[in-house]
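Listed below, chain by chain, are the residues.
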Amino acid sequence: MGSLTLQNISKSFGQVEVLKDINLEVESGEFLVFVGPSGCGKSTLLRIIAGLEDQTAGQVLIEEKPVDHLPPSKRGIAMVFQSYALYPHLTARGNMSLGLKQAGANKDRIAQQVQLAADMLSLESLLDRKPSELSGGQRQRVAIGRAIVREPTLFLFDEPLSNLDAALRVNTRIEIAKLHRTLNSTMVYVTHDQTEAMTLADKIVVLNEGRIEQVGHPLELYQRPANRFVAGFIGSPKMNFLRRDAAAAFGATEIGIRPEHLTLSRDRGSWKGVVSHAEHLGSDTFVYIEIEEHGLLTVRTAGEILCRPGESFYLTPNADAIHRFDADGVSTGQQAENSSTL
Amino acid sequence: MRLSHRSLTRSALIHLILGAYTVIALFPVILIAINSFKTRKAIFRSPLSLPDTESFSLIGYETVLKQGDFFGYFLNSLTVTLVSLFFVLLFGAMAAFALSEYRFRGNTLTGLYLALGIMIPIRLGTVAILQMMADLQLVNTLWSLILVYTAQGLPLAIFILSEFMRQISDDLKNAGRIDGLSEYVIFYRLVLPLVCPAMATVAVFTMIPIWNDLWFPLILAPGEETKTITLGAQVFIGQFVTNWNAVLAALTLAIVPVLVLYVIFSRQLIAGITSGAVK
Chain W
1 MGSLTLQNIS KSFGQVEVLK DINLEVESGE FLVFVGPSGC GKSTLLRIIA
51 GLEDQTAGQV LIEEKPVDHL PPSKRGIAMV FQSYALYPHL TARGNMSLGL
101 KQAGANKDRI AQQVQLAADM LSLESLLDRK PSELSGGQRQ RVAIGRAIVR
151 EPTLFLFDEP LSNLDAALRV NTRIEIAKLH RTLNSTMVYV THDQTEAMTL
201 ADKIVVLNEG RIEQVGHPLE LYQRPANRFV AGFIGSPKMN FLRRDAAAAF
251 GATEIGIRPE HLTLSRDRGS WKGVVSHAEH LGSDTFVYIE IEEHGLLTVR
301 TAGEILCRPG ESFYLTPNAD AIHRFDADGV STGQQAENSS TL
Chain H
1001 MRLSHRSLTR SALIHLILGA YTVIALFPVI LIAINSFKTR KAIFRSPLSL
1051 PDTESFSLIG YETVLKQGDF FGYFLNSLTV TLVSLFFVLL FGAMAAFALS
1101 EYRFRGNTLT GLYLALGIMI PIRLGTVAIL QMMADLQLVN TLWSLILVYT
1151 AQGLPLAIFI LSEFMRQISD DLKNAGRIDG LSEYVIFYRL VLPLVCPAMA
1201 TVAVFTMIPI WNDLWFPLIL APGEETKTIT LGAQVFIGQF VTNWNAVLAA
1251 LTLAIVPVLV LYVIFSRQLI AGITSGAVK
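Residue numbers (the numbering used here), protein chains in the order written: chain W, 1 to 342; chain H, 1001 to 1279.
In short, the hints are calculated from the structure, not lab data. Any given hint could be a false lead.
[As the list claims (entries may be wrong)] Have a look at the derived ranges for each label pair, beta carbon to beta carbon:
(1) W/D108 / H/V1263: 20 to 26 Å
(2) W/P88 / H/S1182: 48 to 54 Å
(3) H/N1212 / W/S132: 37 to 43 Å
(4) W/Q223 / H/M1094: 54 to 60 Å
(5) W/G39 / H/N1212: 49 to 55 Å
(6) H/V1029 / W/G104: 53 to 59 Å
(7) W/S132 / H/T1022: 32 to 38 Å
(8) H/Y1102 / W/P88: 20 to 26 Å
(9) W/S162 / H/I1014: 48 to 54 Å
(10) W/R129 / H/T1126: 30 to 36 Å
(11) W/A177 / H/S1182: 51 to 57 Å
(12) H/V1256 / W/R129: 55 to 61 Å
(13) W/G232 / H/F1104: 39 to 45 Å
(14) W/G104 / H/M1094: 25 to 31 Å
[Stated by the list, open to error] Taking lysine to aspartate or glutamate pairs in the EDC-like style, the calculated list, with each CA pair at most 20 Å apart, reads:
(15) W/K203 / W/E25
(16) H/K1173 / W/E30
(17) H/K1066 / H/D1171
(18) H/K1173 / W/E64
(19) W/K74 / H/E1224
(20) W/K178 / W/E17
(21) W/K74 / W/E64
(22) W/K101 / H/E1183
(23) W/K107 / W/E124
(24) W/K238 / W/D267
(25) H/K1173 / W/E53
(26) W/K74 / H/D1171
(27) W/K74 / W/E124
(28) W/K130 / W/E151
(29) W/K130 / H/E1224
[Claimed, not checked] Sample of chain W residues facing chain H (criterion: CB under 8 Å; computed from the structure):
(30) A50
(31) A85
(32) L98
(33) N106
(34) A167
Note that CB positions come from ideal geometry on N, CA and C, so glycine has one too.
Please model the entire structure based on the sequences and the hints provided.
Structure below.
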């Protein structure tokens, strides 16, 4: 249960087209993540699925039934918001039971459902507190609890971790992943953070300027980005891009190389540059090297490496891991055809 | 050290200015109140002195309570003010919610049209209003006043409230929609409690001009049955002789209810005025 289909979804606000002909299939039980820069239309798309916004054209199907004429409460969905959006005048318990109460469920069932969700998220001791008496992380757990209680066919998450601090974000992320395994229900998750997308998703949809750039498994997007945008967006630190003769050597307009596929050497290599900055993380070192004609490149090396700003280094790309792009930014494959210059 | 010294003089200066303003604002009110407890002679001989054993007199209050239906006037004022206030807040909040929440054709235009009343005084339409009330046979009823005051209060109410409602998170309203709450429940249960401070601000700004108004009671409802307190106090101002004791006593009594209402709203009011600036 819980499949979702989007057919030719378009949305315009006046003259501005925010979504352009979106087609998508989400299978039952899948964890789908919309990811993209701010303003790419991912939140609007989620709101259209939820029924909070009307699409200009196209159709939304949940469990293969069109839901366009249904109000949000009748679509069998539950949503978790970035700002928690708890009702300030109700306790955590009140917040969690309101949806079922509105749907006319009987008291025993509501109490049972709330108990179940509270156990799952260890909210037991917080149930009688008002939202103002809860911390940010607790509020978001209550908001997730409110979603679980409704037993939706489809969970929608709208950047649920953005208001939490870094440590809490990791914990809640793990909690959401666990939840998905326990409930085994379909989840659609919106984020601008590619780490969240990579760690949570079964399937990532990369959106840019209202268009789907690529759909696929996280590692598939990482290893075989369809175009320059996806290549640059997925992965941290970012992929390095080189143009002109460096790209021409590989028969492309532009080439991309991930930081971990560059090798540093003091005496020889393809490109010569000067260290401008180094970040030592213990497990890895990120070295930023300024190369005269290509600008700043990032190199990721495992472990510690001694280097100071101003020192000269040579860089050598791993020829098998070079991504080639044509003039339109479309990927033309990874194998190097003309690597004789190396 | 120097900084704290400077800030001390600064705050002293600020308090001086605020204190001076308070004195200027309160002076006429206090003058009315103390003179209402004095004999007629004492009012004219030494208007600034406090009542002492010799000059103390309650003759003004006795006259007010005996002559005319003073409690009736009082009740009329209170009815008109409270009912108008209720309608202004209710319709103002509803219109503000619609303007801030829903996208529809002509939204901005409607908002501007509704705000027009802030710039154009309603008194310009007095003649037309009187004609209309006469046609509706509402002259000399409290409803004529309530309708006019509701119209008078709405523009500012809509203007202020729609600004505040725009600040309420969309997520909260959307969460309500997903839980199956109707738009009315979202409005009454989720949105209204959050704009309480703004409502109090609007309430005070709406209430005071209504309570103090002399113009419309005089024109639309001058009958004995429907007189408001400001109009009722005019009974004591004659062409040749003015009963100052009674006028001052009536005015002093008239201050009390607005004062009470103001105290009720004031805590919220402060939050309302500062919330935009501090947040």
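Proposed proximity, W/E17 with W/K178 (alpha carbon, max 20 Å): violated (37 Å)
Restraint status (C-alpha distance of W/K74 to W/E64 at most 20 Å): Roughly 15 Å between the alpha carbons, so the hint for W/K74 and W/E64 holds.
20 Å Cα cutoff - pair H/K1173, W/E64: violated (28 Å)
Verdict for W/R129, H/T1126 (Cβ pair) under range 30 to 36 Å: Taking Cβ atoms as reference, W/R129 and H/T1126 lie about 56 Å apart, which means the hint is violated.
Cβ separation of W/Q223 and H/M1094, checked against the hinted range 54 to 60 Å: holds (56 Å)
W/K130 paired with W/E151 [C-alpha distance capped at 20 Å]: The given pair, whose Cα atoms are some 23 Å apart, is violated under the 20 Å limit.
Outcome of range test on Cβ distance (W/G39, H/N1212; 49 to 55 Å): holds (51 Å)
Given pair status - W/E124, W/K107, alpha carbons within 20 Å: holds (18 Å)
Satisfaction of hint between W/D267 and W/K238, Cα-Cα up to 20 Å: violated (26 Å)
C-beta pair H/N1212, W/S132: status relative to the range 37 to 43 Å that was hinted: The hinted range 37 to 43 Å holds for H/N1212 and W/S132, with Cβ atoms some 39 Å apart.
Distance restraint evaluation - H/Y1102, W/P88, Cβ atoms, bounds 20 to 26 Å: Cβ of H/Y1102 to Cβ of W/P88: about 23 Å, so the range 20 to 26 Å holds.
Outcome of range test on Cβ distance (W/P88, H/S1182; 48 to 54 Å): At roughly 19 Å between Cβ atoms, H/S1182 and W/P88 fall outside 48 to 54 Å, so the hint is violated.
Checked against the numbered hints given earlier, this structure breaks hints 1, 2, 9, 10, 11, 12, 16, 17, 18, 19, 20, 24, 27, 28, 29, 33, 34; the rest are met.
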